[in-house]
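Protein chains in written order, with the working numbering: chain A, 1 to 509; chain B, 1 to 404.
What the hints contain is simulated information worked out from the structure, not anything from laboratory work.
Note that beta-carbon positions come from the ideal geometry of N, C-alpha and C, so glycine has one too.
Worth double-checking, as some hints may not be accurate.
[Stated by the list, open to error] Result set (DSSO-like, lysine-lysine): computed pairs, CA atoms no more than 27 Å apart in a straight line:
#	chain 1	residue 1	chain 2	residue 2
1	B	215	A	58
2	A	29	A	275
3	A	58	A	119
4	A	275	A	425
5	A	425	A	322
6	A	119	B	400
7	A	163	A	58
8	A	111	B	400
9	A	11	A	321
10	A	29	A	111
11	A	163	A	11
12	A	163	B	400
[Claimed, not checked] If you want the ones that stay clear, here's a sample from chain A, every Cβ over 12 Å from chain B, calculated:
#	residue
13	11
14	16
15	28
16	78
17	97
18	112
19	131
20	133
21	202
22	287
23	398
24	464
25	474
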Amino acid sequence: MSQNVAAVELKGIWKRFPGVIANSDINLKVEPGTVHAIVGENGAGKSTLMKILYGMQKPDEGTISINGTELSFASPSDAIDAGIGMVHQHFMLADNFTVLENIVLGSEPRKGLSLNFDKARADISAISSENGLEVDPDALVADLGVGDRQRIEILKVLYRGAKILILDEPTAVLVPHEVHELFDTLRDLKKAGNTIIFISHKLDEVLSIADEITVIRRGTTVGSVNPHTQEVSAQDLAVMMVGSELPTPETRGDTIRDEVVLAVENLTVLASGGKPIVDNISFQIRSGEILGIAGVEGNGQAEILDALMGLENSTGTVHFKKEDISNMSTRNRRELGIGFIPEDRHRQALLLTAPLWENRMLGHQTLAPNSNGFLLTPGAAKDDTKRIVEEFDVRTPGIDVLASALSGGNQQKLIVGREMSGEPKLLIAAHPTRGIDVGAQAAIWDHLRHAREAGLAVLLISADLDELIGLSDTIKVLLRGAFVADANPATVTPEQLGTAMTGAGKVSA
Amino acid sequence: MNIMRQQRLLGIFGVAIAILSITRTFTHNPDLTSAVTVSQALGFAVPIGLAGLAGIWSERAGVVNIGLEGMMILGTFGAGWAGYQWGAWAGLLAGIVMGAFGGLLLAIASVTFGVDQIIAGTAVNLLATGLTKFLAILLFTDVVGGGQAQSPPIKGTLPSFTIEAISSPLIALHAKDIFIVSDVAGVVAGLFFHLSILTVITVALFVFTAWLLWKTRFGLRLRSAGENPWAADSLGVNVNRYKYMAVTFSGLLAGLGGAYLAIAATIYRNGQTAGRGFIGLATMIFGNWRPGGTGAGAIMFGYIDTLRLIDSDNKNVRGLILLGALVLFVIAAAMIRTSRRATGIGFLLLGGVMIGGFMAASNFPPEVAQVAPYITTLLVLATASQNLRPPAADGVPFRKGEGH
Chain A
1 MSQNVAAVEL KGIWKRFPGV IANSDINLKV EPGTVHAIVG ENGAGKSTLM
51 KILYGMQKPD EGTISINGTE LSFASPSDAI DAGIGMVHQH FMLADNFTVL
101 ENIVLGSEPR KGLSLNFDKA RADISAISSE NGLEVDPDAL VADLGVGDRQ
151 RIEILKVLYR GAKILILDEP TAVLVPHEVH ELFDTLRDLK KAGNTIIFIS
201 HKLDEVLSIA DEITVIRRGT TVGSVNPHTQ EVSAQDLAVM MVGSELPTPE
251 TRGDTIRDEV VLAVENLTVL ASGGKPIVDN ISFQIRSGEI LGIAGVEGNG
301 QAEILDALMG LENSTGTVHF KKEDISNMST RNRRELGIGF IPEDRHRQAL
351 LLTAPLWENR MLGHQTLAPN SNGFLLTPGA AKDDTKRIVE EFDVRTPGID
401 VLASALSGGN QQKLIVGREM SGEPKLLIAA HPTRGIDVGA QAAIWDHLRH
451 AREAGLAVLL ISADLDELIG LSDTIKVLLR GAFVADANPA TVTPEQLGTA
501 MTGAGKVSA
Chain B
1 MNIMRQQRLL GIFGVAIAIL SITRTFTHNP DLTSAVTVSQ ALGFAVPIGL
51 AGLAGIWSER AGVVNIGLEG MMILGTFGAG WAGYQWGAWA GLLAGIVMGA
101 FGGLLLAIAS VTFGVDQIIA GTAVNLLATG LTKFLAILLF TDVVGGGQAQ
151 SPPIKGTLPS FTIEAISSPL IALHAKDIFI VSDVAGVVAG LFFHLSILTV
201 ITVALFVFTA WLLWKTRFGL RLRSAGENPW AADSLGVNVN RYKYMAVTFS
251 GLLAGLGGAY LAIAATIYRN GQTAGRGFIG LATMIFGNWR PGGTGAGAIM
301 FGYIDTLRLI DSDNKNVRGL ILLGALVLFV IAAAMIRTSR RATGIGFLLL
351 GGVMIGGFMA ASNFPPEVAQ VAPYITTLLV LATASQNLRP PAADGVPFRK
401 GEGH
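Chain B on its own, in the form it takes in the complex (with noise of 0.2 Å):
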């Protein structure tokens, strides 16, 4: 069972690769796996896959967490507020107490309360807007290097490392345009190339997650409080404490990611999460509430909209458009296989009238260059994930001792 997965894996990367060394041969791109590129989608990857995260623990243990954009948000203003005063480091942590504190008023609205979920966290996300906003201008209007809008400059950064010995040979054999060699040449470039500190404990929270939830005793009822807590009840787990627990540290990961955005920029500004958390949200569900799946969409997610800010000539745009049909392809091939054929047909043509695109023009509008990565996501998104599996009880309230 696990070789089959490993053997999976393998195959899924092997094919991603393939695909996209198609895509640069055939466009004469190199941007598309140089190691900037990748180095870079990999820090853009980061918030979404920690707001992600976050959604991954509250829905689990049966909290929808649309509040997660105004966890975020406190995340940044935490941020901002201890790192411009004591350093980056200070504004992690802030950052994760600000998150924390908005995960435990979900809580305790949703969980404690009873409050409808969706109310309970849009509530958050209108409570933390508000209140960073008059909290800025309370706090930095005064303050050199602050606005009304924004924080001072954040003191210092957090270290980042550049493994030479390893990128250095990989980037230049990138630079040889060979085919799949220099694409998985640059793309492990990329791994050892300006990669942050925050990067390496993200990816170590996935796997620490992914460990904890499926294979402990805590992550077990943790998850039954999601999936049928009056069962869980009955058979003596507290399940308001795990629920209680989830949200709080779902919320401590989304301030996690909204300082990292503050930090990376090196300065807090109103409005600087731009709807992250949803997407992280949005990532989670296309993730089917899994960290693999969870972290493989954020990559995806920074990884386009990378390309589309270092985009020139729209050259990106249109690797894009193909890369989206020869995915497209690609699952259109796997469903005819299991005999979903009338989806796989249907997708078969849509990857056939954006080859079509590609083909037709070289130069696009501007809005249409601006959109298409988005559109190119969703499509692959929403073709890739076809059988999702919610937990049974997300967004059920629970109150104890009353039957379903």
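This is chain A alone, in the form it adopts within the complex (with noise of 0.2 Å):
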């Protein structure tokens, strides 16, 4: 084979959905041997592209060339058979097979009419050694933690024999050890001549692995770039796929009024062991201001926000305008106007089998335009769904779909749109940016930024110490369940901010 045959060559790729255009006249070319990483928004159509060249979807107009020769794919075993293999951003194994059963579906070794155990063992073996990608092939997948699945949907490409390996998204879960460990493995694959398709949107690990870069903007390719021969930054890269410069999460000007909005003093959660998570912590949080809680998750965060909201058993006072409500319900704070964006959207904010405008009832079902004090008012919700969409620019062919056919990314939006609703006087948000990509992330911080100056006040809780900085009025740090240190945000740096974090040195205040 020759240097300048392309490994994929994608031209004039189209496909439309009912009521959206996931991809426009998209032209993509990787070169065999090299990291291509495709970089967009969420909801830029960068899935639907890969389902197409997996051969899940069928391109309305375009063609498809592998190694130089144009083919069309009915079904994935088409794409299997010409050495393409896929890794699914969630992951595509069932729980109750073991290691060996997952790998081996759809392509068993066989001996008479017996499937090979012997055989496929061996293989798994060979590969996953060859690779250094260990895994016991009797394992059952459901004790087995997210690394260690990853590795197996990587085995189970190995195995098919692909060449090209389409990584969606591979590190959206996973812990930053986690993350270098692969990144080892996918240099270690192209070395041993695979070509790999990266898909992701975060900027700072694309450019530390991708040899080639391109960008998709609203489902189409506005560009490619060579990190290697070009000076490239991230916030180069943001530009291209936002198409406008990549916004800050500065919060400008000194918004905090006198009245105070949340009072919590010593506010105590025991874990089941007796132990306390969050042990005797007092704030206060004033209109206009936004309070940032700093912290490596798992220190008590969680527990703080379930408490405030009711969810929780705590010990403790928490006023909320002077009024006591630390025995009130969940749902009578919630028509105080505390609003809640909590830690894990499908667990505790959203249905995901039911439509758009159903889940924007949820939590505030018995307020207005949801419901009129007696009945629910499924007309007047459904205008204020559209309302969101249109504000939040959630990405959806309309409100009647699915929480589930959303993206993770508009999912996130759906629910900031729907707590920000109502005026609320009190939000409580942990990680509201989460997994949504810069242009959407921009606009919460703009929501969040009006609503400040409207006399908002904000609990904040995020993993990104830059958002938090950028946003907060003042931070607090929570280690083992009490504030260990008070930041100054115009001051302070990440990095200040992560040590304190950790409990080993001291900020400024």
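Take each chain as given, in its own frame, and dock them per the hints.
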């Protein structure tokens, strides 16, 4: 094979769904033996494009060439035959199967009429030691962690002899050291002559691993850059992705008023063993103030939020605008004007199998526009859902689709839109922009800023330290359930804050 | 691993025999382990076991099959209709075909058209009941020996074997009333006493299913449709084809179970299945969607049903209550050892109450005698099956190309 023949070449790909054009005139050329990154915002059409390349969907127009031969895929098995393998964003594994069963499914070796388990085991061991992907073939997948599951997904693809690997947002579910391991694996795979297509919207990661980067915006390819030969920064890529300057989470001006919206005194939450998870903390948030809580995950953040929303048993007092709400139900707290953006949107914020407008009602089912006090008012709720979709740029074919049909970022936008509706006085927000691309992130920051100017009090928890420092008026550092330091967002750097979070150093107040 | 499993099975079998033996000795009731009882229990277990096995096929492929009862009904009718005209074997074949037709119907509704599986299954049950009643009036009323609700007698029966050389000496040994030895003799003799060919076929089908679903490519793919059809689809497995095959074969097995009922009774009657399809489904659940557990559950149902039917003077009911209490004690002991103390102690107390009942009364009111076997069954099954794990995508509709 000559060097000039592209491993994958897509020309003029179009794909339309009812109400949406997912891909329009996509052109992509991937050189063999490289890591080629495809970046774009949520809903820009990256995943659809990869489904087309993997034969899960058929393009309306356009051609696909693999190693110089034009092919058309009717199903994933055609793509597998052409040497293409896909590592899905949401793992495609049967939990109750063993690692071995998951890997060989669909291409099982046989001995007579039976499945040849011995040969499968030997083959898998060979591939895993060749590529440094250690797994126990006889372990049950249900017992394995995220990193192991991803290794199984990659093994599945290699087992089928794939030379072109598509990884759909592989780092979204990994913690930093797992990302490092994955990148080492990818470099090894590249050395062994494989071609890797890497889809992501995390620009720093893309710059550290990719040999070439193609940017997709609103369903079409807007350009390619080679980070080895061209000077390119995350900022530059973001501009290409969004089509405008990269926003920053800066809040300007002092909007803090005198009125105390939330006063928490001696709040304590006990773990099931009787040990305090939240240990006797007190704080106040005033109207127009954003209070950020910095801390490594698992130091009591989730429990503080749940206690404030009345979802967790706690001791201590909580006053909302001078009213004692310590013993109030969650619904009453919400009716007073407390908005809540939880950590885990699938567990606490959405009904995945309900349409968007029903999700709009959730948590606000007793308030206008969702209810007239006696009956629900779906008509008004639907109109208001349309407003949220419009204002928060939720990319969806309509408000009657199920929440599960939206990408994670768009689900988050819907949640933020819902919780910002009805002019809340206090917003309790955990990672409000987690999993969201830069464009939508900026929009949410804007909404927060405006609401703050109008007097909204915000309790903010975020793992994104830039966001935390940029938005907050005050930052408190949480360690093992107690506040250990205050930080001034005007002067503190993310590095200093990170150190304080681990309890290693002090920050200047 | 395999040796460990063999040892465990042997252990369970040993404990079961010991419990039976103790009960027999205490109640002075040789019926509990006689060859006749065991033979008849196997016969009762066949239709329930086949329904359970049918459930395994369907649900392992991800289709909840509440329509088993209906498919069995179709099987009984098919056996009656063909059986009175062309004999028992033809009846068997017709029952299988009609059951498979019921399965195919469920597959079309739930797989192709995505109808809710519970609703589709219920529809199959209603349809089968109505259709067979209507056809019975249409086809059997004017035939000699037939009626509006039953077929003329089925010609001939299926062969059954008694191997005298084995069973006769063992039956004699059973009569000697020796602790453990007589009970083993009785149980083994029962296996070679009036053994129907269909019992043999059913056992073979259980073994075949266990091998096919867990040891072959076909089985792995079929089960993948019930565990994660989206993953299977992404690997090029034709999920819907496997679901069709599984559900149709499920209907075939249920039809076979129904046909057995009609042929054993030498006649088709409306309502002949008497809920055995549902009992089979329950057995499958207690058996953790696996052939071994399902088979054991079916035998237990068969055994208890037999004791209830051949009961005289409440002797068997008393035996059953003691039996149930002893089984509860064994399970409770196992639980306390594996540090699930609270539940274990609870079962211990329950067993104590049953022993109390056994001691206090030698005669029970007929109502108690009627329900006691079922309560015992329920208690034992509920305690024995604490860690059930259904196929992950059981009952979840699958549409190609859609995420989840």
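Hints, one by one, checked against the model:
no.: 1; hint: B:215 with A:58; result: violated, 35 Å
no.: 2; hint: A:29 with A:275; result: violated, 57 Å
no.: 3; hint: A:58 with A:119; result: violated, 35 Å
no.: 4; hint: A:275 with A:425; result: violated, 33 Å
no.: 5; hint: A:425 with A:322; result: holds, 13 Å
no.: 6; hint: A:119 with B:400; result: violated, 31 Å
no.: 7; hint: A:163 with A:58; result: holds, 22 Å
no.: 8; hint: A:111 with B:400; result: violated, 31 Å
no.: 9; hint: A:11 with A:321; result: violated, 60 Å
no.: 10; hint: A:29 with A:111; result: violated, 41 Å
no.: 11; hint: A:163 with A:11; result: holds, 21 Å
no.: 12; hint: A:163 with B:400; result: holds, 26 Å
no.: 13; hint: 11; result: holds, 24 Å
no.: 14; hint: 16; result: holds, 15 Å
no.: 15; hint: 28; result: holds, 21 Å
no.: 16; hint: 78; result: violated, 8 Å
no.: 17; hint: 97; result: violated, 6 Å
no.: 18; hint: 112; result: violated, 10 Å
no.: 19; hint: 131; result: holds, 19 Å
no.: 20; hint: 133; result: holds, 18 Å
no.: 21; hint: 202; result: holds, 22 Å
no.: 22; hint: 287; result: holds, 43 Å
no.: 23; hint: 398; result: holds, 17 Å
no.: 24; hint: 464; result: holds, 27 Å
no.: 25; hint: 474; result: holds, 42 Å
Taken one by one, the earlier hints fail for this structure at numbers 1, 2, 3, 4, 6, 8, 9, 10, 16, 17 and 18, listed in ascending order.
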